[in-house]
Structure formats: structure tokens, C-alpha cells
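Chains as they are written, first to last, in the UniProt record's numbering: chain A, 1 to 554; chain B, 1 to 451.
Derived from the structure by calculation, the hints contain no laboratory data. Cβ coordinates follow ideal geometry from the N, Cα and C atoms, glycine included. Keep in mind that the hints are not guaranteed to be accurate.
As the list claims (entries may be wrong) - Cβ-Cβ distance ranges computed for the label pairs, FRET-style:
(1) Leu-286/A <-> Phe-90/B: 27 to 33 Å
(2) Ile-244/B <-> Phe-271/A: 24 to 30 Å
(3) Leu-454/A <-> Arg-293/B: 50 to 56 Å
(4) Arg-541/A <-> Gln-321/B: 41 to 47 Å
(5) Ser-505/A <-> Trp-76/B: 52 to 58 Å
(6) Glu-442/B <-> Met-182/A: 53 to 59 Å
(7) Leu-288/B <-> Leu-286/A: 33 to 39 Å
(8) Val-100/B <-> Met-182/A: 53 to 59 Å
(9) Pro-263/B <-> Leu-454/A: 53 to 59 Å
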Amino acid sequence: MIRERETAAAVHDAAAPSVLQSYRSRSIGASGSGDASRVIYRYDRSTRGKTRLTKQRRPCIPAGLSFSFFWHLLQQKKLSGQIMEPTSKQQQQSGEHALSGTPMVAPQRTLIPSLFCLYFVFILSLFRLYFVFISSLFCLYSVFIPSLFRLYFVFILYLFRLYFVFISWKNYWIRGVLSVAMISGFFVIIYMGPVTLILVVMTVQIKCFQEIITIGYRVYHSYELPWFRTLSWYFLICVNYFFYGETVADYFGALVQREEPLQFLARYHRFISFALYLAGFCMFVLTLVKKHYRLQFYMFAWTHVTLLIVVTQSHLVIQNLFEGMIWFIVPISIVICNDIMAYLFGFFFGRTPLIKLSPKKTWEGFIGGFFGTLVFGFILAHLLSQFQNFVCPVGFNSETNRFSVECEPSDIFVMQEYTLPVALQNTLRRWKKPCDDMYPFQIHSVFLSSFGSLIGPFGGFFASGFKRAFKIKDFANTIPGHGGIMDRFDCQYLMATFTHVYIASFIRGPNPSKVLQQLLLLHPAQQLGIFHTLHSHLRERGMLPPPAAAAQAQ
Amino acid sequence: MTELRHRGAKDTDPTLQQQSSEDKGSDSELKGEKDGASDSEAKVDSGVPEVPVPADDTPVVLNKALSGLSSRWKNWWIRGILTLAMISFFFLIIYLGPMVLMMIVLIVQIKCFQEIITIGYNVYHSYHLPWFRTLSWYFLLCVNYFFYGETVTDYFFTLVQREEPLRILSKYHRFISFALYLTGFCMFVLSLVKKHYRLQFYMFGWTHVTLLIVVTQSHLIIHNLFEGMIWFIVPISCVICNDIMAYMFGFFFGRTPLIKLSPKKTWEGFIGGLFSTIVLFSSQFSYLMAGYRYFVCPVEFNNDSNRFQVDCEPSELFQLQDYILPGVLQSFTGWSTVRLYPFQIHSIALSSFASIVGPFGGFFASGFKRAFKIKDFANTIPGHGGIMDRFDCQYLMATFVNVYIASFIRGPNPSKVIQQLLALRVDQQLHIFNSLKAHLTEKGAVCDALY
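Chain A extracted, bound-state conformation (with noise of 0.2 Å):
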């Protein structure tokens, strides 16, 4: 394989690092060598090897120059007092503001990170396209957070530049250092808060669905087809918009209460994604081309199972970290921890294989991996518990229009006795660990880690005979050493659906702000039933007082 590498290598571009040898080696017929029973690629868009500024990449510079310029003079505003009012007469007396500590701040506070902004955009810039966008999203919070932080950025920066400087990915120590950049990444989105995480799963999704559908353009050759690509990306837009239109009204209900065209949005959300689809569906009928029937009807049904996957399921993340992002935390790190226990366990006792699909995966490493993640997902649970920040579902304070994680912790999270079996109970106090106490949270975790141990490797399973069947090394070439996005997260969509029907049949009830706006729409008749038997329940419940005595108070 390495010499297929190296020739690949020596017939394109010797200069250039050989980014694009996982899809020229091993995938659906390799060009280099012009074997006439091979497939010639088509396009060839993923020249990507080169770092010089190419036309194509050009436009990121003013970008990158008039988005950080705008954030400057943003920054400056608001450190002024111009855009972000005081929240109270006592702050405005002191003229203390959330952001800083002077209503008037010297230019030189925003200058810095602002030029650093645009070198960062600068450099990643030329790296990958999509990468201004996230790079700009790291600079939205940069004057949030703390120096420290901002040299992370510049490590991550250079962990590119050294990419580059090494040819072959597959070395271990590169994929070490990429699997420690993308975890302590991880630990800097937590930190960040709920929107950034929001966004990053987005970004996520948006990147997962662009692997598959290019997956999907190079085994039907069908890149050059008639306003396909716009009607994948269309679609894909008509179903995040559903999704997140849905979400939006649950849990902004007082924002979008404030705005009439948002509630105009909100009330007829349905009809509008639903008239916006049937727009993409009609277009593409009338882009049926007669002698290209059957590959559109592949590329249509692939779009559509992919956003089924990708789409839907990143959406249940999103509600499951409306929940409380433990619920978003804990099972993403069992997956990781999986993975990586299993990969360990199987380097070092591996020996009987576990599947034909995957014959790097041994059952040793599998058996191992359910124990190891079993432990950790106990212990993170616990650790996380204790945080308020992590716990409380995710409100959104109409007030402040900032995200708000406050609250009185429910009562899975809270410490109670629990009387374990005695020889349990024996090893423990050996090892003298505290054990009477635990929080519910941490049995819910044993039941998350089991899933995640035993059901979601199946998820990889399929991934893995996906690559297979399609003759792909790797999805994309995204994460140098570890392949696309959808490498890292194939895994996590099981696992994200079952938590969510998990948090769905055990733990959480319905919304009661979503009750309450279903109940203002009834008719006033069923309204009146409603209240009797509310009212009849409540007074059950001894939660209101009798009327007799309510007329007495009179």
C-alpha cells in the first residue's frame, strides 16, 4: 500500500502531500495508472495538496479582512454601550456591563484579537474552504474567553501547519495528535456553551451529508447532472428548516410569542416546510432528463436516505442537549471512550476476529471495551452531575435573549442512598470508596455505556460495509489520519437515537410550556373540560385548597 502511495505520489505530484491518495489508491478505479478497466475520474475537485493561494481561495482574504474589521468595530460598540443596554439601574450607576469592566474600552483591547481572527481565517483559508466558516465561528467567542484559550487556537493552528509537513497520515503519532486535538476540542465547545454547540452540530451534519452525497456523485457519475446539486443542498435546507423550525417553537415560545412575522412562521410552520419541499420535489420532476431516469432516481432516493440518517438524527441531538447537555456529553464521550478501549484492549490482547466486515475489530477489544466504557461512563456520570451548568436543561431567557442553564436540579441528579448488593459492597469499602451514594443519573449512564458497547459498534459495522460495498477507503479526507467526519461520527448517530427514546420513555415528560400553547388553541368548550379535570386532580393531589375553604377566605 505504501508503495501504491508513493507511486501515486510521484505520478501526480511529487511536491505536493499526498492528500488525495486514499481515494486514488483504493477507490472505485484508480487514474494514476491509466488501466483501461479502471474508472477515470470525471472531476477532480480535491486538489487540495497545493497550500498556494489558488484562484478559487482567493476571495477569502477580503473576507477574512472585512469580517474581522466589522468584528472590531462590533466589539467596539458594544464595549461603548451603544448596542447592549445595561440589564439594570444599578449597573448602569456603575457602569459595569456584562461583557467588561469599563463602559469605554481602548482600541487596543479589540485590536488583537481581531487581527488574530484574521489570521486565523487567513491560514485555514487555505487549507480547506469550509474552514473560514468555523474559524470565523471560533472568533465570535475569542474576546469570551480567556487567554488561555486563544493559545489553544494557535496550537490547533500549528497542528495544521505540521500536517502538511508530514507526508504520510498514517503514522501513529499524527493520528495521536489529531485524536487529543479533537478531544480537547471537544472540552473547548463544552466550554463555549449551548449555542456554539448547537452550531458545531450543525456544521457537523452539514459536512457528514456533503461526504455521502459526493460518495453518491462519484459512484453513479453523476456529478455532471442537471441541477442535482442544487436539489441535494435544497433539500437539505428544507429539512434542516422543518427541524429546526419545530424546535424553535418548543423552546423559544416567549420570543417567538414577541415577533409577528415569527409567529406568523411559527403558526403555519408545517404548511411553509411542507409547500417549500413540494417546490424541490416538482423541480425535480421536471428535471428528468430522458436518458439519465434511472441515475437521478438513485441520486433522489440517496439524498434522501442520507438526510433520514444524518438529518434527523443530529436533530434528536440538538433536543437531547435541550435536555441538559450531560445528556449530550455523556453519551458522545462513552462512544469515544468505546472506541478508543476497544482499540486498546484489542492492540494489546486482540486475537480472535469478531466480524468479517471489520477484521481490524477482535472480540477481546470488543469484551474489553464494554467493561472499560461500563466503568468510565460511571465515573463521568458521576463527576458531571454535580454541575449545575451541565444539568439544567437549556432555557432560553427571554429577557437577557441569552441561553440560561438555571435551575433546581431534577431528581435524577441528586445524591440518594442506594443499598448495594453486599458483595459489591465488600470490594468497595476494600478499595475504601465511598458507596452508599450515587445519583440515579449514573444507573441511567450503565444502561447508556451497554448500548453504546454492544449495539453501537453496529453502527461502525455498517459504516465499515458501506465503505466496502462502494470500494471507498475512507468518507472524505477531512481529519488527516482518521478520514471524513463521518468516520468519527458514524457511531454516534446510533447512539444519539437512543438516548433520545431513552430521555423520551423514562425520564422526561412532555414540555409543559408546549402543553399549555396546545391548550390555549383548543376550543374554549374543551378548554372548560380540561380545567374541571385539572382542577379535580389537582384538588386530589391537595395541591389546592377546597372551595369551601377558598369561599371562607372571602
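With chain A's structure known, arrange chain B on it following the hints.
Quick look at chain B alone, frame taken from chain A:
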């Protein structure tokens, strides 16, 4: 057909090139594949074996009766007779009531699913893939269980609460359906066979897209049905009427072709069908239907008699109201006001959708048939093709009606709201109770002092 069966059993087939199942239309490159999977992308369409046209299986009775006519007229008569038979069958099952309607919808859905899956098997020669037929039907069962469980929980709330096993099933319904689906998913992964990976993934994708199209939309039909049988009858009749009228107008006046996909359709037929459905048919038909309580009332399950009942006070939508005609129409017809059901106005919207956007469902199905080189989906109905042929436009219509009802007409279901209320925590219930009390007091519906 036997040829297809042999095909599936072989692994490496030197005659692969001739019996390709995929192609890219005009692309004529030859790509050999080492593993010899039966789905190589080889030559042009001519290599695709067509689904063999089954022998003429029109009933003997009809054949005898029409033996004197020429072939063209015979076909026309068979089609006509079967159209009448289908329409009268439709009226019969409406008469029989909601339960029978639900059964019929379920049967139609299963048949459509089977037709499309069979086409997939023929296209990919995958009839002998291990496990795959079982898995397709298993996924159909799972998704149906999920959807019907959600419906049953909503509408049969009291019945469910009474029986203990039903209560547990409904409380953990999502979890159980997800577990069932996951089992199917894991079985699929475990059944992946080395040389047939791509085929199996194709069939997996094919099954899921079919489920998405057929099953979710038949479920939406049942939802519409529960709103009131008129919401089931009127849309289906509009589509049928549009079909027939467009055919008639096209037959007599057709000249300019409408779309390359279906060369028999013409602009005259399209516009004629549009006009007659919207203006003539839908408002009259809905006027006829809206008078009867049997059609208009939401279908409810009576706990005492354990039967479906359709007995209620018709909502405002189905009560005659006076509308003032705009000036233009006043001068035209000489009436100043007209008595209409509000539902008739909604039915105009429904029928315009059926005439304008509904045919796109038909074009989609035509494109699908051309793409896979089949003349009809199956041969269930003599003269018409398979059940899917008849129902291709209905599915879009059903989705539209459901979205329409949810957006413009129906509020939430009160029993569902009560169910959700009782599942909340007590302090949340109290909060909602106070808000509701304030709201109702504002409206004057309750006296604050009493509560």
C-alpha cells in the same frame, strides 16, 4: 423469470456484462469489477432484462363478453369496466364504515410496498439474497407498529388505560418500536455477505425509501380519516375525478403535449381537468357530503359499546353560512349572497392542489417506470396495472391534506393534551392550571371566586 432466478445464485458470472442491472444511461464505459458483484455498472440500458410482461390475465368472463371487439376498444372497455368496479367498491367500503376503511388502507399499503419491493428485486436480481425478503417485511412491520401504536394511543386513550398490558405497551411505545427496529438493523449488518455488499445496501436503501413514501403517507391517510370521513373521501375523489376528466378532455381535445415524461398527457387535458375538478366537481361533491353527520364527524371510539361511532355536533366548518359574493360575480349571476359550507372553500383549495401539484406524483411514478423500464408496477388490476399505479397521485394528496388540516383547521387533540398534562410534575400542573384559570377568567368562562 427463471433466468432472473439463476442469475441471483451465481457469484462470479462471466456473462455479467450482458445482464447488468445498473447503468448510467448514456454512459457507455465498461467497468469490470473484481468481486463480480451482480451490480456492475456496465453498458447502456439495452442490457437490462425487462420485467417480463405477464400473460393476459383478464378474467375469462370479460374476455368472453368482449370477444367481438377489436383490441383497442377491448382495452378501453376493460379499463372502463374496471374503473366503474373500483369506484363502486370505493362507495361500498365507505358505507361499511371506518373500521373497514382502515383495514383497506392497510391492505393497499402492504400491496404497494410489495409491488415496489418486487421491482427492486427484479432490478437488482437480488431475489435470492439471504434474509433480505424477511428483513424488508420485518421493517414494514416495525414501522407500521410504530405508527399504528402512536395513533392508537391518541385515539383509544381510555381503552388503553383500562388494560394493563396495553398500558405498558403504550407508555414505552417508542422504546419498544426502536428496539424492534434496531433488531432489524443489527440483523441486516450481520447478514452482510462478502460479495453482495453493494446489492444489500441498495436493497436496504430501497426498502427505506419505499417505507418513507408508502407507509408514512398511508399513516397520514388514517389520520385524515380520524378527522372525519369527509377528509378522506373528498381528496381521493378529487384525484380520481381529475384523472378521469383529464383523460376525457385529452381524449377529445388533446393536442399539445404536456411533459416529455408522459407523452400521452396534454395541456388541454390538464387544464380541462383542472377546471372541471375545481369548479364543477369539488364544491358540489363537498356540498353533498357536508350535509351528512356520518361523514363530517370525527371518528371516535366509544368505550361503552366498544365500537367506532360517528355522532357529534358538526363543527362550524360544516354549517351553512351566508357569504356575500364579490361585485363581479354578483353582476354575473344575479345573486347577492350565497349559502355555502365553509368546507366548500377548503375543498376548492384541496382540489386545486389535486389538479395542479397532484399530477407531479404521477410524473414521478412515470419517470420511475421509465427509469427501470417497466410498463406498470404490477398486474394486479387488469387494464390498469398495479395498485401503485392507481395510488401514485393519492400519496402526495394525503400528505397535503394532513398538513392542511394541521395548519388551518384542527387544533390539538384534547384527550392527548389531558394525557400530557397528567404526565407532568405537580408543580408544573399547578402552574398550567393557574395560567389556564387566568385565561378562562379573561374570557369570562369561569368565575374566579369559585376556584
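Taking the hints in turn, this is what the structure says about them:
no. : hint                                : result
1   : Leu-286/A <-> Phe-90/B: 27 to 33 Å  : holds (31 Å)
2   : Ile-244/B <-> Phe-271/A: 24 to 30 Å : holds (29 Å)
3   : Leu-454/A <-> Arg-293/B: 50 to 56 Å : holds (55 Å)
4   : Arg-541/A <-> Gln-321/B: 41 to 47 Å : holds (44 Å)
5   : Ser-505/A <-> Trp-76/B: 52 to 58 Å  : holds (56 Å)
6   : Glu-442/B <-> Met-182/A: 53 to 59 Å : holds (54 Å)
7   : Leu-288/B <-> Leu-286/A: 33 to 39 Å : holds (36 Å)
8   : Val-100/B <-> Met-182/A: 53 to 59 Å : holds (58 Å)
9   : Pro-263/B <-> Leu-454/A: 53 to 59 Å : holds (55 Å)
Consistency with the previously given hints is maintained throughout, with no hint failing.
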